[in-house]
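Here is how the chains run, residue by residue.
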Amino acid sequence: MRNCQDTLQWLDAYWDNELDPVNTLEIEQHLQGCTACSQSYEELRTLGIALSDLPRHRIPAVLREQVRSALRAEAGEESKTIPFPPTARASWPWLTAIAAMLLLCALLAGVLLTSRPPPASASERESQEVIASHIRSLMASHLADVISTDEHTVKPWFDGKLDFSPPVIDFAKEGFPLIGGRLDYLTDKPVAAIVYRRDKHVINLFCRPSGPKSPDSLPQLVTHQGYHVVTWTQQGRNCWVVSDLNEAELQQFVELVRRPTPG
Amino acid sequence: MSYSNKLSRFEQLILPHLDAAYNLARWLTNHDQDAQDVVQEASLRAFRAFDTFYGENGRAWLLTIVRNTAYNLLQKNKPSRLATPFDEELHGSSGPVESATPMTLLRGAEEERNLRAAVEELPVEFREALILRHQDGLSYREIALIAGVPTGTVMSRLARARARLKEFLARGIREEEAS
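Chains as they are written, first to last, in our numbering: chain A, 236 to 498; chain B, 542 to 720.
If you're looking for bench data, these hints aren't it; they were derived computationally from the structure.
Treat the hints loosely; a few may be bogus.
[As the list claims (entries may be wrong)] Residues on chain A that point at chain B, a partial pick, calculated with CB under 10 Å:
hint: 1; residue: LEU246
hint: 2; residue: ASP251
hint: 3; residue: ALA285
hint: 4; residue: LEU289
hint: 5; residue: ARG291
hint: 6; residue: LEU306
hint: 7; residue: ARG443
hint: 8; residue: TRP467
[Unchecked claim] Computed beta-carbon distance windows for the label pairs:
hint: 9; chain 1: A; residue 1: GLU312; chain 2: B; residue 2: GLU597; range: 20 to 30 Å
hint: 10; chain 1: B; residue 1: ALA650; chain 2: A; residue 2: GLY311; range: 40 to 50 Å
hint: 11; chain 1: B; residue 1: SER680; chain 2: A; residue 2: GLN470; range: 53 to 63 Å
hint: 12; chain 1: A; residue 1: SER273; chain 2: B; residue 2: GLU653; range: 23 to 33 Å
hint: 13; chain 1: A; residue 1: GLY268; chain 2: B; residue 2: THR692; range: 28 to 38 Å
hint: 14; chain 1: B; residue 1: ASN598; chain 2: A; residue 2: GLY410; range: 46 to 56 Å
Idealized CB from N, CA, C, for every residue including glycine.
Here chain A stands alone, though its shape is the one from the complex (with noise of 0.2 Å):
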């Protein structure tokens, strides 16, 4: 029979499950006998509890972004340094050279035979990764990583966050509420997210410093997969807008993005 030292000794490990079965259960009958050594018991098993319950940290999703984009990047960068298989020391120097230029005519074949697509134009591409963040923002809990109508607590978020200070505009009046704002990140550049509805459809207004001497630009709306992207820019600033509401709806949310800011 164990006594109370000897139990309170391996009551972590019983609590952890980590004893044979023999230790287990001489722990277990002595528990039952024993208040003083069930209270602790009960104690571990109460704190044991607590911590598992505590919330994890969750990770930031500009985050998770920057670490899929840096293994992108690692991984463009790994292709390009390691040219061919190392290749068997050659005692026969001709042959890897007549193998070297077989494997050049194969590849200068390749190329002349495939017809490539045209390569995709800036600024479809830059409207598909719009598309591409719009959707990734409607998965789970993704939306905003500040979720708040006052536009007093959103646009102070931003701050030290970007290195620029976004509008932020709650339209509720006019039926585009403010839900929230996120970074994000366009063409490897972090962008405000601002976040509004309009029903049950979603909004994402995407903003950033548009370089110091771009030219002002009208809004170009273009359709992909059922999304409309709206493009312009103003004052400075490269906007984006990007929703699945209907094009009249959208156009209207664009006029109240582009009106001038009182003050």
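Let chain A serve as the given structure and place chain B on it in line with the hints.
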């Protein structure tokens, strides 16, 4: 293995554990930005070392790298905290510690905050064992592999960490009653 293949295998086997990676990094560093740096660096390191991974346990593998990266960072940032190697015997008696006051525990947001604060106060070796055990559900053996110590050490670290938490929380309750 082609490189796009390597990337997609990595995304499939390792990236699902990014949440656990961040959680561990955040608990070990007690700091948002440090945790982010650790996760960034650890995932790149993991990717570079991915050829040495044989697909047994992606999570434990990634967590090992995260753990080592976090320790490197802690050593660089706060040499004082890790300068003397952690001494198992020095920290408290080796026997079980009984808390003087029965512990009534833990309901509601405030108790949760207290517990979190208490865990953050523990030495990093204790925190590591607690998080891997309670939040990742790993066995003593798995924790031992990650931390690079014998399983007996994992057991005693866990027991001592919990004893300290009980003590801390009991003290908190006594102070509350006194005031």
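Query raised in the report: Which numbered hints are broken by the structure, listed smallest first?
Result: 7 and 8
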